[in-house]
Amino acid sequence: MHFSKMLIPTLREVPADAEAASHVLMLRAGYVRQLASGLYIYLPLGIRVMEKINRILREEMNAIGAQEITMPVLHPAEVWQETGRWSEIGDEMFRLKDRTGRDMCLGMTHEEIMTWLAVREIRSYRDLPQVWYQIQEKLRDEARPKSGILRTREFLMKDSYSFDADEEGLEKNYKLHADAYHKIFSRCGLDFFMVQSDPGMMGGATSHEFMAPSPAGEDDVVFCDVCGYAANVELALSNPEKIEIMEWEFEDVHTPEKRTVGEVSNFLKLRPEYFIKSLLLISDSGPLLALVRGDQELHEKKVNRIIGKHRPASKEEVREILGVEAGFIGPVNQKLRIIADACLQDGIYVSGANKPHYHSKGIRPGRHFTAEWHDITLAKKGDTCAKCNALIRIERVIEIGNIFMLGTKYSAPLKAFYLDEKGEEKPIIMGSYGIGPARIAAAAIEQNHDKDGIIWPKSIAPFGVEILPLNVKDAGTMKTTERVYNDLTAKGIEVLMDDRDERAGVKFKDADLIGIPIHIIIGEKNLKEGLIEIKDRRTKEIMKVKIEDTIEHIASSW
RNA sequence: CGGGGCGUAGCGCAGCCUGGUAGCGCACACGGUUCGGGACCGUGUUGUCGAAGGUUCAAAUCCUUUCGCCCCGACCA
290 MHFSKMLIPT LREVPADAEA ASHVLMLRAG YVRQLASGLY IYLPLGIRVM EKINRILREE
350 MNAIGAQEIT MPVLHPAEVW QETGRWSEIG DEMFRLKDRT GRDMCLGMTH EEIMTWLAVR
410 EIRSYRDLPQ VWYQIQEKLR DEARPKSGIL RTREFLMKDS YSFDADEEGL EKNYKLHADA
470 YHKIFSRCGL DFFMVQSDPG MMGGATSHEF MAPSPAGEDD VVFCDVCGYA ANVELALSNP
530 EKIEIMEWEF EDVHTPEKRT VGEVSNFLKL RPEYFIKSLL LISDSGPLLA LVRGDQELHE
590 KKVNRIIGKH RPASKEEVRE ILGVEAGFIG PVNQKLRIIA DACLQDGIYV SGANKPHYHS
650 KGIRPGRHFT AEWHDITLAK KGDTCAKCNA LIRIERVIEI GNIFMLGTKY SAPLKAFYLD
710 EKGEEKPIIM GSYGIGPARI AAAAIEQNHD KDGIIWPKSI APFGVEILPL NVKDAGTMKT
770 TERVYNDLTA KGIEVLMDDR DERAGVKFKD ADLIGIPIHI IIGEKNLKEG LIEIKDRRTK
830 EIMKVKIEDT IEHIASSW
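In our numbering, each residue carries its 1-based index in the first sequence increased by 289.
In case anyone wonders, no lab produced these hints; they're calculated from the structure.
Worth double-checking, as some hints may not be accurate.
[Claimed, not checked] Listed below are the simulated EDC-like cross-link pairs for lysine to aspartate or glutamate, each with C-alpha atoms no more than 16 Å apart in a straight line: (1) 670 to 523; (2) 780 to 841; (3) 547 to 614; (4) 435 to 508; (5) 670 to 841; (6) 604 to 614; (7) 644 to 546; (8) 762 to 813; (9) 670 to 584; (10) 624 to 661.
The task is simple: from the sequences and hints, build the whole structure.
Here it is, written out as structure tokens:
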């Protein structure tokens, strides 16, 4: 491919709207352009990268017996109404009506439609298992598109769905997908790992996410380097730092105008770890008190799993329900249901005395109050592993893939049943598995770039080699360039030739920005000695090689 | 949806506070010199100042409304 014939609009300056490294570099190097918030145009270089990634996806999916099909992006509402998600999902779903007034939506995922197909085409246990996948656009009206192509409103997704007769079948397909995903992300040159995750609105019991470490990510993951425990902080279990137990006697202490843990802690000269933070929550079944240690944060999703939908009470509600101002509430003598973080079972604490401007010191959990004990705090630095007690690590990551065991969540309401060997009707057991190719590309850049530009892993680079003839007006240079270009092309290596009549500096800068892993530099001085240069984009090391040995050198480093 | 920031030439920005003929750099066009890390000199082209309404003799600038984009948070199959 000739550079001069390709649309590669590189930018010298950093676009004002871009923040994340991958976003800045994809714009500057001419891979994408933004149409509107969360909507991107992929330019020729961008398409090449996406196609490289998609090819790897297809190869690995086909290798586990998955079959590619395609699904419409426009869906009738009825299918989504049958599973209840039409009403469960809010503004994130793009909805519209067709000309006859029929409710429609744009597909944000395809469980319903895949199941719809399974309902019609799978009758017998003999038809199972099946794994179907597609690489198609998904549309979601994201509350906040961000970081370039990392979170967009329209995006490509490889989504596969497994259909099995029983749980063992599902587990097998789940494992096959987990293994395939490991291969896919390794082949794409990513640093990644698999963690336990919260199934969220997908439903189902077990799910894992594949995460690529990067400061541009949106999730935090807890790791234990000792036992290997890895989980999204959305559900990660951990033990807060242990504290020395103080043998205080129970007493009420005057704490005028001191309301927050910070204020009381300063006033009494006691570390926040010795406080119980009492929070009044309003759930569907009424008000209740949630207790966490003073240095901990309540984790809403964990609480959600215990009491269902809830919200924090307003200041007025606290006064109405508990009869005291928010800063002075505590667990002692409460008639409300109390859920408390498990770490509070041990120790002696300070908390609100349930009367204005007083706190109680010497509160002994179990004696002065009782509660339902759960892990309801957000895992944080300094906590120890819930499994092996080693110190945990927290890392920021980009979610690049996920796998869910769905069970019968979709097959039951949509009536996707099959007949087993005994002629009994049973629901199909399903799994769903997603990968975002654009996130692979973005994560690859986040993990592989330097101040000069992108450094693509070979497997997903838009071209294998870029040739830089420094002076296109020199006949000798161009003769050698053509020769090398043709030889490499004949070897099946994709080559970008910078045939523009530009100064050498411009070509070097653009080549570094674009990030093709190997550059072949052809200049007049070296040519006189029969040499060309091969440069490694990552290390910037340059090797001078005889013209006739070029192909061999490239091939051997492939 | 809450908080913050920004919309002026293709890109990056100044001008706004204190109203008075819209600027700078890059890019682009032409001429010349240059030619291995985003060259230099000269000449030139490019704008509904996001939009609407208002105040004023006069609005990029002040006021009101509105739209868009970015960041933080909430949310995120």
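Taking the hints in turn, this is what the structure says about them:
1. Under the criterion of a C-alpha separation no larger than 16 Å, the hint pairing residue 670 with residue 523 is consistent with the structure, at around 15 Å.
2. Taken as a hint, the residue 780 and residue 841 pair is honoured in the structure, with Cα atoms around 10 Å apart against an allowance of 16 Å.
3. Among the hinted pairs, residue 547 with residue 614 is consistent with the structure: their alpha-carbon atoms are about 11 Å apart, no more than 16 Å.
4. This hinted pair checks out: residue 435 and residue 508 have alpha carbons roughly 14 Å apart, not beyond 16 Å.
5. At roughly 51 Å between alpha-carbon atoms, residue 670 and residue 841 are farther apart than 16 Å, so this suggested pair is violated.
6. Distance hint between residue 604 and residue 614 is fulfilled; the C-alpha atoms sit about 7 Å from each other, no more than 16 Å.
7. For the hint pairing residue 644 with residue 546, the CA-to-CA distance comes to about 12 Å; that is within 16 Å, so the pair holds.
8. A threshold of 16 Å between alpha carbons decides the hint, and for residue 762 with residue 813 the separation of about 11 Å falls inside it, so the pair holds.
9. At roughly 12 Å between alpha-carbon atoms, residue 670 and residue 584 fall within 16 Å of each other, so this suggested pair holds.
10. A C-alpha spacing of about 13 Å is found between residue 624 and residue 661, which places the hinted pair at or below 16 Å, so the restraint holds.
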